[in-house]
Every structure is written in structure tokens, then in C-alpha cells.
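Starting from the known structure of chain A, fit chains B, C and D with the ligands onto it as the hints suggest.
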Amino acid sequence: MATLSVPASLEQLGAVNEFIAGQIPEGLAALLPQVELAAEELLVNVFSYAYPGEPGKAEVGCRMVRLDGVPFFCLAVRDWGAPFDPFSEAPEPDTALGVADRPIGGLGVHLIKSMVRHYSYSYHDASNCIELYFALPE
Amino acid sequence: MATLSVPASLEQLGAVNEFIAGQIPEGLAALLPQVELAAEELLVNVFSYAYPGEPGKAEVGCRMVRLDGVPFFCLAVRDWGAPFDPFSEAPEPDTALGVADRPIGGLGVHLIKSMVRHYSYSYHDASNCIELYFALPE
Amino acid sequence: MQHTSTDRDGVTVLAFSGRMDATTVAAFDEAWRARLEAGANRLVIDMGGIEYISSAGLRGILGLLKACKSGGVGLAFCGIGEMVGEVFRISGFTGMLSIHPTADAAVAALA
Amino acid sequence: MQHTSTDRDGVTVLAFSGRMDATTVAAFDEAWRARLEAGANRLVIDMGGIEYISSAGLRGILGLLKACKSGGVGLAFCGIGEMVGEVFRISGFTGMLSIHPTADAAVAALA
Ligand SMILES: Nc1ncnc2c1ncn2[C@@H]1O[C@H](COP(=O)(O)OP(=O)(O)O)[C@@H](O)[C@H]1O
Ligand SMILES: Nc1ncnc2c1ncn2[C@@H]1O[C@H](COP(=O)(O)OP(=O)(O)O)[C@@H](O)[C@H]1O
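Residue numbers (the UniProt record's numbering), protein chains in the order written: chain A, 1 to 138; chain B, 1 to 138; chain C, 1 to 111; chain D, 1 to 111.
Extracted from the complex, chain A is given alone in its bound form (with noise of 0.2 Å):
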């Protein structure tokens, strides 16, 4: 898996989404906006969250693979702050709501599950390890 360390701060996402950009597989290209998006999400959070007063990293992986056979572009990323599952923790936005009674926020991680096709979380090794599955365009 090719992967990519940076200090946990904001202005890393565009050394991100460079690297991201050069991952993806030719045939592939559709992708990137979803890719880069849900790297974004995660990372932000990461960034903003993971290491309350101290510097930290995040690790970014891609590579291809079949998962019950079937082909995927997944996307890791890696984090060591405190245990923070995000997919189940994160409450649901409720999309229905209007202007006036919407939050501010709370969008990323809904946006990251409509993308993906299967996406998962696990900590160990002292970091938080998500990984996204996104299919092939057809």
C-alpha cells in the first residue's frame, strides 16, 4: 500500500489530494472527487479533534482491493489520537431540515457513508484505522 505521513494540520490537505490524485489508477480519474472529498472529511477531523493541544500525524493509504470478490479503490487513513469511531459515534445529520433549523456541521461523516460502498473501523496499535471502499466506476 502506498502511503503518505503528514503533521496533523490543515494546510496538508492539498500534499494530500496530490498524492491521492497520483494513486488512483488510470481508468479510475472519476473517482477523485469522492476520494478527495472523503479524505478531507476524515482528515479535518482528525486534524481538528485527534490531538487536543499537541501536535500530531495522520497516515493516508490507497490501494485496490477485491473484497468478496468483487474490486474496490480503498482509501486508509490512520490516525493516533484518542479511540474515535467515527461512524458510529458521529450522530446522523437529519437532511430534511430547513435553513432555520439546521446545525452548522455534522455533514462529513454522511457524506463519506452515501459515497462508499462499505467502510470500516478498527483501533489498534494505538490509532484509529478507517478504511473506504469505493467501487469502480462502470
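Treat the hints with care, since some could be wrong.
Here are the simulated lysine to aspartate or glutamate pairs, EDC-like style, with alpha carbons at most 16 Å apart [unchecked claim]:
1. C:Lys66 <-> A:Glu59
2. B:Lys57 <-> B:Glu11
3. C:Lys69 <-> A:Asp101
Here are some of the chain A residues that sit facing chain B, going by a computed Cβ distance under 7 Å [unchecked claim]:
4. Met1
5. Arg63
6. Val65
7. Arg66
8. Leu67
9. Asp68
10. Phe84
11. His118
12. Ser120
13. Ser122
14. His124
Don't read these hints as lab results, they were simulated from the structure. Glycine residues also receive a C-beta, built at the ideal position from the N, C-alpha and C atoms.
For chains B, C and D with the ligands alone, kept in the frame of chain A given last:
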């Protein structure tokens, strides 16, 4: 992820089983025979075919993973042989054949597929990476 | 992210281009706040040049929506590309916005 | 893997215990081959002590099945535990075997 690295040799199966038994969380002991079976099937193949005429190694890892929000016990097996995806390349056996027509062998991958909820294969960092997701006992 | 601001028949058209993400949304916020402070009371947001938006961008848009609603400012959108449209749809933003195919149509809707 | 061999009314009962895997199946193969070479023509395999079987074990069982079929040797099984039974079922072995709840029943079936 707790991992064990072993030389590619059949006599390591005992050490692998011991490692797995130590990794299965309390309350999931009912999974042990299935996980040991899957590990044996994969490792016997690695030991037999992955390193023809040369020494090699295999790595076994265990961890809990939430995939699509559902908790699984995950067994990971890794080798550094030539790329080989047992799930797509090993032929499906015909389990309806009688004694006379039954070929010897070819059941290992079928047993694994029957016992896990999800399986994945990827080739990266010069290694074959297999992950098996066992549903937790009720 | 870049933007241009044009006055058309008393409607302020703010046209954005580039990426609307966590590192650039502040520029979006500044742009519309400056227009509202300058007294604009009808606003068209032309997203024709926006190729990418994340939840940070949605946050900027929601701030704009709330400000226009409470300030009685007319607001319309145009130039929603494929990626932006999908993110709007998934987030339930499509129903909250007045969306038009072209800047002309958006300006006309606020006339 | 351990085994014992008993003669009951001319039927050879081979009782195995332990794990039947890639490292032990050779002992299984040796045990039944020795019995056939010694002239046994009715064989009961008691798996009551087998807590684990892998595809290597299945390979041993299939070898035994083929040998008995071609040699005209009567063969019956008993003592199939939960794990072994599931592996037999998944592999389609259940239908190829004459399976009985107890050694007595297996011996009687070959009488
Ligand atoms: N990596 C993380 N570590 C700790 N807490 C987190 C992390 N990511 C998200 N959170 C918590 O989950 C909440 C929801 O996250 P998210 O859906 O991205 O919305 P928001 O727009 O509020 O960041 C955050 O407000 C924060 O409290
Ligand atoms: N790790 C591996 N590397 C290379 N080839 C393999 C590997 N594992 C299995 N194979 C090939 O796939 C075939 C089927 O494997 P399997 O289903 O386990 O049956 P068998 O009982 O014949 O080993 C093997 O005979 C071998 O040719």
C-alpha cells in the same frame, strides 16, 4: 493489530494456533475452531506454494473491526510470494461429486469462504494480503 | 478559490471558481459578507467554476443561507456542476436552495 | 493425534482423538493403511475424540474412502462432533459417508 511472523514451514502451525487462541477476545472462544481452520488453510498453501524452493515467511494478525457498522473478528494473513488471489484463482470444487469422481484436494478455499462473512485480497508492498471477517457468535 | 462580483439590474452576482474546501471556505465567507455589508439585498451565487465542495463548503453555504434569511436578502444559485450537485443532494441542500441553470435565470428569479 | 484399534465381531474399530490437520493427517493415513494391509475388510472410524479437522484431514478421509471402495472394504463412521460435522457438511462429505451416532450402531451397520 497483534501480529505474529513465522518462517514458511508447516511445523509453525502450532505456534500460529497458540497465537490465535491468545488473541480471541473473551466471549468469542466459539470462533476458535473456524479461525484456526482458516489460518491453517491459508498458511498451508503459503508454505506449500508461495516460496518454491526457497525459504520465506508469513505474517498472521488478529483484530476486532467494525465493517459497515457491524463488529467482526478479523484474521489477516500476509506472504511475500508471487501475487496470488486464492479467492478468484482457486477453482470452485464440486461438492456434489461422489467418492469415485472426487479429486483429492481443492477444498481449503471453499471451507474458508463458507465460514467467513467477508473476505478480502490485495497485493501491495510486494505482499499478498488476505483479510477474513468472522461474524461474532450470537 | 477566486471570485468576481458584478451588479446586474441591482442584483449582485458573485461568481466563484476553484475548490470550496476547509482551506478555502473562509474566502467564500468573506466575499458574501462583504457584499451584504455593502448593502446588497439580492444575491446570485454562480458556482459554475466550482469543481469540488466538501462539508466545510456546505458549512459556508449554510451560513450564507441563514444570513440571507434573517436579513431578508433574496438569494439564488446557478452553475451547479455534477460533483457539487451530488453533494447538495446527499446533504439535503437541494431543497433549501433556489437553483437555476444560468446566471440570467437566477437574476430574473430575483427581479 | 492418537488412535486405538479394537476388533468387534470381525469389525475393526479405529478410534481417533486429537486434531486432524496438515501436521497430523499422516498418522491417520498410516493407521488405516496398516489395518487394511493386515486384512481388515470391515472398518469403523470413530471420530469421537476429534475436535478439529481441516481440508488436510478431509484429504485423508477421501483417500480412505477411495481405498475402501476399490478394495471392497465396508466402512462406517461414528462420533462426528460439531466442528467435524460442519466441515463434512460444507464439503459435501456427509452424503458420501455412512454416519452413525455410536460405535455400536456403526458396527451393527457393517454386520
Ligand atoms: N477524529 C476525531 N477524534 C475525536 N472526535 C471527533 C473526531 N472526528 C469527529 N469527532 C467528533 O464528532 C463530531 C462530528 O463530526 P463531523 O460529522 O465531521 O461534524 P463536524 O462538522 O462537527 O466536524 C465532531 O464535532 C467531534 O466532536
Ligand atoms: N499461496 C499460494 N501461492 C501460489 N499458488 C497457490 C497458493 N495457494 C494455492 N495455490 C494454488 O491453488 C490451488 C488450490 O488451492 P487449495 O484450494 O488450497 O487446494 P489444494 O488442496 O490443492 O492445496 C493449489 O493447488 C495451488 O496450485
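Here is how each hint holds up against the structure:
no., hint, result
1, C:Lys66 <-> A:Glu59, "36 Å, violated"
2, B:Lys57 <-> B:Glu11, "13 Å, holds"
3, C:Lys69 <-> A:Asp101, "12 Å, holds"
4, Met1, "4 Å, holds"
5, Arg63, "5 Å, holds"
6, Val65, "4 Å, holds"
7, Arg66, "5 Å, holds"
8, Leu67, "4 Å, holds"
9, Asp68, "6 Å, holds"
10, Phe84, "12 Å, violated"
11, His118, "6 Å, holds"
12, Ser120, "4 Å, holds"
13, Ser122, "4 Å, holds"
14, His124, "4 Å, holds"
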